[in-house]
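The sequence shown stops at residue 276 when you use our numbering, and every number in between is there.
The set of hints was computed from the structure by calculation and includes no laboratory data. Owing to the predicted nature of the structure, the values given are computational and were not obtained by experimental measurement. Even glycine gets a Cβ: it sits at the ideal position worked out from N, Cα and C. Just so you know, not all the hints are guaranteed correct.
Unchecked claim - Below, in silico cross-link-like pairs of lysine to any residue (SDA-like), each with a Cα-Cα straight-line distance of 25 angstroms or less:
id: 1; residue 1: K154; residue 2: P241
id: 2; residue 1: K152; residue 2: V229
id: 3; residue 1: K120; residue 2: T213
id: 4; residue 1: K232; residue 2: S141
id: 5; residue 1: K95; residue 2: L189
id: 6; residue 1: K95; residue 2: K170
id: 7; residue 1: K120; residue 2: D149
id: 8; residue 1: K249; residue 2: G180
id: 9; residue 1: K193; residue 2: P99
id: 10; residue 1: K248; residue 2: D225
id: 11; residue 1: K193; residue 2: K120
id: 12; residue 1: K192; residue 2: F136
id: 13; residue 1: K154; residue 2: S244
Said to hold, decoys possible - Label-pair distances were calculated between CB atoms; the ranges are:
id: 14; residue 1: P155; residue 2: K192; range: 31 to 39 angstroms
id: 15; residue 1: Y186; residue 2: P241; range: 16 to 24 angstroms
id: 16; residue 1: V145; residue 2: D255; range: 28 to 36 angstroms
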Amino acid sequence: MIEIPSDLHKSLVPLAFLLGDWAGAGVHDFPGAEKCNFGQEVTFTHDGRDFLEYHSRTWVLDNDGNKVKPLETESGFWRIDDQRKVEVTMTRDDGVVEIWYGELADKKPQIDLVTDAVARTPASRPYTGGKRLYGYVKGDLMWVGEKQTPEVELRPYMSAHLKKVVTPEDVERWAKALPDDLPDDGIAFFK
Numbered sequence: 086m087i088e089i090p091s092d093l094h095k096s097l098v099p100l101a102f103l104l105g106d107w108a109g110a111g112v113h114d115f116p117g118a119e120k121c122n123f124g125q126e127v128t129f130t131h132d133g134r135d136f137l138e139y140h141s142r143t144w145v146l147d148n149d150g151n152k153v154k155p156l157e158t159e160s161g162f163w164r165i166d167d168q169r170k171v172e173v174t175m176t177r178d179d180g181v182v183e184i185w186y187g188e189l190a191d192k193k194p195q196i197d198l199v200t201d202a203v204a205r206t207p208a209s210r211p212y213t214g215g216k217r218l219y220g221y222v223k224g225d226l227m228w229v230g231e232k233q234t235p236e237v238e239l240r241p242y243m244s245a246h247l248k249k250v251v252t253p254e255d256v257e258r259w260a261k262a263l264p265d266d267l268p269d270d271g272i273a274f275f276k
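Please construct the entire structure, taking both the sequences and the accompanying hints into account.
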């Protein structure tokens, strides 16, 4: 269910499907790095201004699904214009700052992004650009990222399937929104 907060900036309504806390798992595979499964937590929030604030943390998972060590952390800001063009500024923990441009697909919650600018600190690993695809599919957030370096052509390196995190406050708000005339036995509700 996509909720549109009453205080969401009107320009961000097309991106409302991203709002909230998400958690899930995915696969990381890129030459020169250990292939692994990873866990991920993503948050998209807003404060009424014309951008979404984004934060993502990933960590390596062992074969039993336990956290082993941090993998990547990134944060940034997402905007969209009236032509459905999306811009993202992103900073990563490894010393990379990126500007991404793309667009929201017509009639579906899917965003394609491509890096326009990449800045790196001397301590960061080689990286020259990337692509990302985000999609809202049957209530879940899925994404795939591609990257390139001077030595490796553009190729997929991470993808994940994330579920919306439901808080006790969400449940309470939904319960208050139920109609007062629900049947007492609960069974009649499903007939």
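Verification of the hints:
no., hint, result
1, K154 with P241, "holds, 22 angstroms"
2, K152 with V229, "holds, 21 angstroms"
3, K120 with T213, "holds, 21 angstroms"
4, K232 with S141, "holds, 17 angstroms"
5, K95 with L189, "holds, 16 angstroms"
6, K95 with K170, "holds, 15 angstroms"
7, K120 with D149, "holds, 16 angstroms"
8, K249 with G180, "violated, 29 angstroms"
9, K193 with P99, "holds, 10 angstroms"
10, K248 with D225, "holds, 5 angstroms"
11, K193 with K120, "violated, 32 angstroms"
12, K192 with F136, "holds, 21 angstroms"
13, K154 with S244, "holds, 18 angstroms"
14, P155 with K192: 31 to 39 angstroms, "holds, 38 angstroms"
15, Y186 with P241: 16 to 24 angstroms, "holds, 20 angstroms"
16, V145 with D255: 28 to 36 angstroms, "holds, 29 angstroms"
Hint violations for this structure: numbers 8, 11, all remaining hints satisfied.
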